Amino acid sequence: MEGYTFTLLIPLILFATFLLIGLAGGKLKPIISGITGVVSLSVVSIISYITAYDYFFVNGKVDGVFGKIIVYDAEWLRFTDSLFIKMGILLDPISVMMLVVISTVSLMVHIYSLGYMHNEGGFSRYYSFLSLFTFAMMGLVISTNIFQTYIFWELVGVSSYLLIGFYYNRPSAVAAAKKAFIVTRFADLGFLIGILLLSSLTGTFDFVELTNVNGSAITAGSSVLFMGLSSMTWALILVFIGCAGKSAMFPLHIWLPDAMEGPTPVSALIHAATMVVAGVYLVARLFPLYALSAPVALEMIAYVGAFTSMFAAIIACTQTDIKRVLAFSTISQIGIMMVGLGVSGYAAETGLGFTASMFHLFTHAMFKALLFLGAGAVIHAVHTNEISGMGGLRKYLPVTHITFLVACLAISGIPPFSGFFSKDEILVAVKEKDSFLFYFESIVSGLSAFYMFRLYFGIFWNRNTTYEHTPHEAGMSMKIPLIILAILAAVTGFIPFSEFVTSDGIPFISHIHWDIAIPATIVGLIGITAAFIFYKKESDLSDKAAASLGGFYNTVHKKFYIDEIYIFVTKKIIFNMVSTPVAWFDRNVVDGTMNGIASVTNFVSEKIKRFQSGQLQQYAFVMVTGMIIIIALIFYFLKN
Amino acid sequence: MIQIKDLLEVLPLLIIAFSAIFILLLEVSIKKSETVIFGFSLIAILAAIATSFNYFNKEMIIFNQFLRISNASLTFSVIILISMLITVIASKSYIEKENVNFGEYYSMLLFALMGMMLMIFANDILIIFIGLELMSVCFYVLAGFLRLRQKSNESALKYFLLGAFMTGFILYGIALIYGITGTTNLTLIFSDAKVLTNYVFIIGTALLIIGFMFKIGVFPFHMWIPDVYDGAPTVVSGMLSTAGKIAAVGTILPIILAVNILNFKIIFSVAAVATMLYGNVIALAQTNIKRLLAYSSIASAGYIFVGVASMNEFALRGIAYYLIAYTFMQLGAFIIVAMLEKKDDGSRDYKNVDLDFYKGLGKRNPVIATFMTFFLFSLAGIPPFAGFWGKYYLFFAAIKSNQIWLAVVAILLSLIGVYYYLKIIVYMWFSESLEPVSEEKFSFSDTGFAATVLAVIGTILFGVDPNLFFSLFKFVTP
Amino acid sequence: MIEINYYLIVSAILFCTGVIGVLVRRNAIVIFMCIELMLNAINLTFVAFSSFMGNVNGQIFVFIVMTVAAAEAAVGLAIVIALFRNKESVNIDEINILKW
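Read top to bottom, the protein sequences are chains A, B and C.
Per the numbering used here, the first sequence runs over residues 1 to 640.
Per the numbering used here, the second sequence runs over residues 1 to 478.
Per the numbering used here, the third sequence runs over residues 1 to 100.
FYI, nobody ran anything at the bench for these hints, they're computed from the structure.
All of these numbers come straight from a predicted model, not from anything done at the bench.
It is possible that some hints are incorrect.
As the list claims (entries may be wrong) - The calculated SDA-like cross-link candidates involving lysine to any residue, where the alpha carbons are at most 25 Å apart (straight line), are: (1) A:K639 to B:V200; (2) A:K68 to A:L8; (3) B:K31 to B:F102; (4) C:K99 to A:Q615; (5) A:K607 to B:I416; (6) B:K343 to B:F102; (7) A:K607 to B:K423.
Okay, chain A solo, but in the shape it has when bound:
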């Protein structure tokens, strides 16, 4: 449709920026590369905002429905007469929403990096990779067909590999980059087979046709059974494996915590707000297929998401590296989004889960990016990732402190911050479907409040650590993104999301369900209180218990009693009995299995290469044997 052709500029500008900085980068002054990146991203953001405004408020709604608009579609590859691949731009509520999310977060990260990376080497390289990544991510969300998605999906993987391995002189960063690449590649295998299966079932790659409720794609492949499930279900499960890899669902989550080896702004961009939600986005993109022709697959998504969210939340409680806490928190939050999708139905209000999940994706992108950037500011100030090396920083870093607090409140679901609204919607949707999952997710939500405030108190309160260099607030380029994101994290919850983004494009009105919101808030507050008790003050838990025993005999006896229980329950039961084993399991069994496969293959390789002995006659002997076997086989087949 004409009118939106200017959106073509989004990928073009980004790609041109990548080429410009990438090719000319060595010759430019580093700061010029940075400014170029920021300027191009600003332009892209403005275009995205105009698109969003135009789509949501002016032209997008036709007869009360937000439809899919194909802006541009060029044939790229022809397989058969009916099966071909196009490259194009598709606008619909979720892709427009993603445009806004990606451009906003990416712009913030670009600005922030000006300050954060200024005394690192390879400034130009860094900015060219950032542009490449943003380009790939934009291309992914505006895909008109699943094949285009796949191609950009791989490109996103490659650029993320480059960014994780940015500090290439650190062996751990290189290992992490390799691990991320190989694990996601492994998952993409499922994705690719899923695409092939899907295309051979439906005869199309096109999203519009695939998700047309009245089209043939919905019913295709529903009758053929394989191991009790229809082949469409299998295809969609395979696609989900790809999503699970990118979105770090159990057991393919192992790459994400290691990926924190990359520069912190990169973690904010890739591993919080954009790339990791690509899996959620793809499930949402194919949502009508999942909801209408493969409910089993959708149910599986809900349970995988739920398990992952709990698993990651428990591990997050035990980590001491602040970036790893955030990484596990991301895994947990994405799990929650998956649950939202998994419990959702299609159309109108039964599709609340879909809306809620997208809403949470949106708010999460803002507050998680803020958390990472805040963590980056802290690391920048104290030069360590370990929580034990921090404390009392509120005096030194007032801006970071306030913005970090806002983000923590948002993620904990405290009104009126954004996380409250989106989490509430998810919980409402979950409760309608499955009350067990509801309680399960409520606990996760409590846990997330706990570990976030553990982090918050640990960094900004706790003991007054003495620092070698007095920590000081970073420059304006780092402060401004923090402030902007904090404002967004605080207010975006008031966007009436269900009036824009719904499963079938028809807006509806949703309300806050106070019967769920109030208990959920209370659970969040309990988590915060627990963190407050344990981590606000200077001493650690065991010291604190001792102090209570010795000094304040007259203080309320009960408090001591509660402390004891807390200590027993947390330290003895949760930490030792649950969290530590779960973390151990993650480190050794899940990770170990993956590494094990690699080392077994290597071992086998070392062993069987001796087969290639260099002896000519042995070669001839192998060939003659092979020949005899083949001839015998042929005889055998002919006889039958």
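Model the placement of chains B and C on the given structure of chain A, informed by the hints.
Here is chains B and C on its own, set in the frame of chain A:
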């Protein structure tokens, strides 16, 4: 009767044949003839490529039914010509570096090229045999061209003995086919459907196919590949692994499709899986890049056989696409290895071919390292490089022939490949150079660089626009 | 008139002798001679078929095979000589610097 106008129909073949002979004359008649010969062979190959495009969409059987021109055979012959073009360009600086700058090197290349084209255009087993032997004999010589090096000698001897041994089996197969049908003409042989049920005929065909599986390097007939590619001059290894393989595939594929015995399908599938497994797994443990590429070429033979095993109308497209992608990426990688090799200092061994040498290449020589990265990404099958589409079309063919398991296994095994290709990339970009760095002599005036640029262009061009290939070679959409 | 089967059996036996020779002999030259034996066994097969069917194609083939065998011999012996100069041995067991 052979008609004079038939000669016009095989112009590319004639150009190559005459220039091969003419080069021998130039060699003896002009002093300091190397540059002239180089230019001459370049022009000959370009002329052959240009004239080839006249014959598309003109199916014909000529020369007393000895030759057959079809779109498929033309496609394969153009791919071979492209591969040879790149090889010739890259060879100049390589053989100068190795001090074996003799005119007969080019002559050998062109004779081999002629043999390959002959067997691809053949419509008679006799012609296939002549072409095959012309090609093989030239290959034996080329593999041993660095005759002062023991590795090169050994490579040539192994190739020669095993190749000649296999020739025996091919001939025996031909004799059996001849004994049953009374003819060696392929059109006549396949005109009678009854022979397809005859045991002796099937055994004969099987032996013929096995002989070509040897040339392609399919398990269990792949054993010679690592040793020969390792020992042969590096540019020649690149040529053997691309042009040699393409010629064998292009010759045997029409026969396999014509025989179309469904029972062969399972044998091909198993052979394909075994080949991919063997190539990819052993490649993991390699420390020498030439050997690593050799094992990767075995794995590629496995992918090609995934296409062969599907035996449907998609197979030809898939294989042709994979082969052109493979030509660019594999040959490109070998040429880079050749360029970085150290100049012969009388030590009589290849220098700088250890993987360790590639550590930190990105910092020492970013341009070359970038190109190598492109080739390796393409070999690993990562879009948007040509290798991805090659694999895609092959696996697509397998799925279309209802062998989904084969496609799944193939994708899984190609994943192992990603691991070792990535290892080299990591070495190049993320590792520090080993001390002391054995400095490679490299300049942009190196003709190898021009060849690499060609290969990079091909890898990217066919990766970004796969349709280009199908429209160029007039593939009809099935 | 001797039946064609006898010719074929004789040639098959010769062929197998050649194959076994290639697999067990250690001298590169002898291995090469065994390959020549295989080729000649095939020639016998061709001639037998040809004369049995009264069709000259097979005999033409034999000429081509002989020519090719001669060409191969020329190249093969040159390769063996080049190797012998460097290695001073034609024992196939010792020719294994390329392996793994």
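Kindly indicate which numbered hints from before are broken by the structure, ordering the numbers from low to high. none
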